[in-house]
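Using the sequences provided together with the hints, build the complete structure.
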Amino acid sequence: MSILVGKETRLLVQGITGREGSFHTAQMIEYGTNVVAGVTPGKGGEWAVGNVPVFDTVKEAVDATAANTSIIYVPARFSPDAILEAADAGIELVICITEGIPALDMVSVRAFLDTTNTRLVGPNCPGVITPGEAKVGIMPGHIHTPGPVGIVSRSGTLTYEVVYALTARGIGQSTAVGIGGDPIIGTTFLDVLQMFEEDPGTEQVVLIGEIGGTDEQRAAEFIASKMTKPVVGFIAGRTAPPGKRMGHAGAIISGGEGTAEEKIAALKAAGVAVASHPEEIADLVARNL
Amino acid sequence: MKLHEYQSKRIFAKYGIPIPRGEVATTPAEARDIAVRLGKPVVVKSQVLVGGRGKAGGIKLAKTPDEAEQVAAQILGMEIKGLTVKKVLVDEAADIRSEIYLGAVLDRAARRVAIMASSEGGVEIEEVAAKTPEKIITVHVHPFLGLKDYQARNLAYGIGLPKEHVKAFVKIAKGLYNAYVGTDASLAEINPLVITGEGKLLAVDGKIVLDDSALFRHPDLAEMRDPDDEDEYEREARRYGLTYIHLDGEIGCMVNGAGLAMATMDIVKLYGGEPANFLDIGGGAQADKVAAALRIILSDERVKAVLINIFGGITRCDEVARGILEATSTLDVRVPFVVRLVGTNEEEGRRLLAQANMITATSLAEAAQKAVAAAKGELA
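So the protein lines, in turn, are chains A and B.
In case it helps, the working numbering puts the first sequence at residues -7 to 281.
In case it helps, the working numbering puts the second sequence at residues 247 to 626.
Quick caveat, the hints were computed from the structure, so don't treat them as lab data.
Heads up, some of the hints might be wrong.
Okay, derived cross-link-like pairs now, DSBU-like style, lysine-lysine, Cα gap no bigger than 35 Å in a straight line [as the list claims (entries may be wrong)]:
#	chain 1	residue 1	chain 2	residue 2
1	A	236	B	301
2	B	377	B	306
3	B	381	A	260
Covered stretches of chain B (chain A as the covering partner; in silico rule of three or more C-beta atoms under 8 Å from a C-beta of chain A) [said to hold, decoys possible]:
#	segment
4	578 to 590
5	601 to 611
Computed from a predicted structure; not experimentally measured.
Just so you know, even glycine gets a beta-carbon here, dropped at the ideal spot from N, CA and C.
Structure, rendered in structure tokens:
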């Protein structure tokens, strides 16, 4: 078992003919992901990455292929439109990789999505992988291995680091979810924790947070009140200075809010074992097995 | 990206928010001329992108044009928190009876723009939030509706605004929201919004911070960037599409990915070192970008060791290795390098660096410990 993506995923790639889109589509297919369609306006009728049919619109692609999940590789200025198009066509899960979407665009997109049944993961995220079943994202597939640990993270390469350390110790992952480093995102820690709590294939959860916002604090409240499975945590950015945007648009300490210290304190108070550096996460996870 | 007070207020004025009459001067003589034109007592305000200008002596009243020239001479060229004052705003001095705070900010938890008002104007809103949070009234704006009149009235009544000012306040609050959306801001503040002796509302100070991700659709605003807003290293990094933040430590860090870059800085600190910078080379960086990143790190004279931590995904370790070799072959490198390459094409990357006499590490903890030791001169 797993969450969000798996064998049942029928994936549509928005921006499939672009440089990033075509490269990662090939990687996803190689991993075993069921890629059923691509969309690039103006290139309908063509074929991409071998034998993936390309459509002009998401609606046509869904009608023809019954795609249920979409991944977005289009440039930032076109991404809000791409997310809305996927939601309007009834796609259940939209994963947006694109970095640099204006925050106010995401405010509108989120407000619209709240009126639909579409779930958005991202933007500015590495995607979601269920090892051995489906890779919907840009993460290196080979470092993952199937197993009982669910991972949810705001960061890309930091997640790879943790997965690598887990796999090296023979500890597999149920699903790894990158929720993204932007201030406004579709799926939060809280949402993913809830899914992992309900997933019979997940025995414990690793939460990788960073400075900025209060999402980790709200996750801590949920862990304390609702979660029965053990959670191991890590927060990046203890040495980050206030007022500076640390790469991710969402990783900024502003008005004294969003520091690593307050997040670590909240997680510890909720009974989470918090690692002092990424590789220690694997030690803490091993202890719970 | 931060805008100056004068830039912010000019934007506010375009959205129907009343601001004092005023102009910008770069010399004391210009300040004098402006004061003559205004024909009233003026306030001379340093234009630097830091808070606390008043306390630093960067804002002064002048009753006459002669006085305006004198105080402008004092303020121009002064240093405020490390920034040199190059411009002053000469505004007609307002007859201030009371001060209000009005601000717009993105509330991440609510996923809405929040408009906040407080009767405690003229002080930083964070201070009010810490001491008297009940004095801040907040409304959240639905993006499809915009700020509605009733919401603005709720703010006005909530802060106990005298009722003769409510109508003008509603217009200003809506103007502020429209300015926020119109410029793709991440923060827009009027602090203070004052009630004058003539019974008018006036935005005497203003601040706008723009969302960098939206600058592509605001070329006019992007041009307003003050080069002093970032240091020389940060400016150079931006040219190459790198994210670099200058810190005070001695261990230069080059990492791919923002989260991993922060975690790498943290682990350096954990093992007793101090990071000299945050640097994210991003995903899929080519050799030239890596070389540029290293040049920037090495141009900081405080750097005593360089820690390179790459987890290859889209980024290929062999490309990074080529960039390292390119940089080290053209630069006079006098500090030790600790390199950790993991992931895509790691063998090729390591093979390329084998001849380069660099300290290598397999785990992140090992890399950090070695970098700290190397910076102290404990590793050859």
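Check your understanding: Between residue 377 of chain B and residue 306 of chain B, does the CA-CA distance stay at or below 35 Å?
Key -> holds, 28 Å
Review point. Counting residues of the segment 601 to 611 of chain B whose CB is closer than 8 Å to a CB in chain A, do you get three or more?
Key: holds (count 3)
Review point. Do three or more residues from the segment 578 to 590 of chain B put their C-beta atoms closer than 8 Å to C-beta atoms of chain A?
Key: holds (count 3)
Check your understanding: Is residue 381 of chain B within 35 Å of residue 260 of chain A, Cα to Cα?
Key -> holds, 32 Å
Review point. Are the Cα positions of residue 236 of chain A and residue 301 of chain B separated by 35 Å at most?
Key: holds, 23 Å
In summary, this structure violates none of the numbered hints.
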